[in-house]
Amino acid sequence: MKRVDLAYSGQYGFTETQMYWPINHMVSPKAQAVECIECHNRHDSRLAGLNDFYMPGRNYNAGVEEFGAAMILMTLAGALVHGGTRIVVNRKRKGVQ
Amino acid sequence: MKQEYVYRGFERFWHWTQAALIMMLGVTGFEIHGVIHFFGFRQAVALHNTSAISFLVLIVFAIFWHITTGEWRQYLPTREHLRAYMSYYIFGIFRGAPHPTKKRLLSKLNPLQKLVYAGLKVLVIPVMVVSGLLYMFYRYPQRYEVISLNVSGLKTIALVHTAGAFALVCFFVAHVYLISTGWTVTSNLKAMITGFEELPDKDNKTSQNNRSSQPAAMI
Chain A
5 MKRVDLAYSG QYGFTETQMY WPINHMVSPK AQAVECIECH NRHDSRLAGL
55 NDFYMPGRNY NAGVEEFGAA MILMTLAGAL VHGGTRIVVN RKRKGVQ
Chain B
7 MKQEYVYRGF ERFWHWTQAA LIMMLGVTGF EIHGVIHFFG FRQAVALHNT
57 SAISFLVLIV FAIFWHITTG EWRQYLPTRE HLRAYMSYYI FGIFRGAPHP
107 TKKRLLSKLN PLQKLVYAGL KVLVIPVMVV SGLLYMFYRY PQRYEVISLN
157 VSGLKTIALV HTAGAFALVC FFVAHVYLIS TGWTVTSNLK AMITGFEELP
207 DKDNKTSQNN RSSQPAAMI
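Chains A and B supply the protein sequences, listed in that same order.
Note that my numbering has the first sequence beginning at 5, numbered continuously upward.
Note that my numbering has the second sequence beginning at 7, numbered continuously upward.
The shape of chain A in the complex, shown without the other chains:
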């Protein structure tokens, strides 16, 4: 202390210190591992910015989706109308007999 020209009372003590060693190479604990869905999803994929390849769960073709959904709805509607008509017509026929 004399050499750096600072005042020194002559008393000293100890304090607690902590030191961090990256012994696990910065790998997170198992519980915090990245889940598949964090990239494989449509809305907030971690890889949303990498757009030059198709990734299942993230990518889709709007045309295929809309056409597919329309076909399913039409099939459902067809079944409902056909089945509904059968029920109504059957009731009427039974009423007549």
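Hint data in this document are derived by calculation from the structure and do not stem from the laboratory.
Wrong hints could be hidden among the right ones.
Not everything, but these chain B residues come out facing chain A in the computed CB check (under 10 angstroms) [as the list claims (entries may be wrong)]:
#	residue
1	F47
2	T74
3	E77
4	M92
5	Y95
6	A169
7	A171
8	F177
The calculated EDC-like cross-link candidates involving lysine to aspartate or glutamate, where the alpha carbons are at most 20 angstroms apart (straight line), are [claimed, not checked]:
#	chain 1	residue 1	chain 2	residue 2
9	B	K161	A	D56
10	B	K114	B	E17
11	B	K108	B	E10
12	B	K161	A	E20
If the Cβ cut is set under 8 angstroms, some of the chain B residues that face chain A in the computed set are [unchecked claim]:
#	residue
13	F97
14	A164
15	V175
16	I185
17	S186
Where is the CB? At the ideal position from N, CA and C, for every residue including glycine.
Use these hints to put chain B onto chain A, whose structure you have.
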């Protein structure tokens, strides 16, 4: 009640195993596609792959069965009774008219079923199997430097696979509805479970009088 044996043991096993696998593939596939959330992505992928391999094994057995028994001929499209069936499903069914033909062991599919199932077997299922296998293994030709088999990306494969999946959902919806169009609402379902289709006796109801006298579509 008369009983007609229409579906053999293997056929029923094949049908229900295929039904379970296709439903499983549908649910897990659309989860991977990001449309539904049920198993979780990782589990959905694992189940989709396992179901796919199981389905391939089933297909091998089914093809063997169809070839060795000659049953594949049941699916050959025909125009015989085709108009009769189209008019049955558009008009006749509402008037309580009889089915144009009788279901038999030798001819269990009507002409519309022949068309749909033949399309399913030669078009939709093969497209799904081939695009599915490419989906699973598309990296490997590149890895082993089989350049001629190189696939640069999943996009086309995935879109074809998805389109086929939508077609199968439509088939599933129509198929489930059409169960109810047998002799009675449940007779088709019973037939696929027990193998036997219950038919009304000849003089049971006047409207069903001529059903069994109609010739079945023989191939």
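- [ ] Could you work out which earlier hints the structure fails to respect and list their numbers in ascending sequence?
- [x] 2, 3, 4, 12, 13, 16
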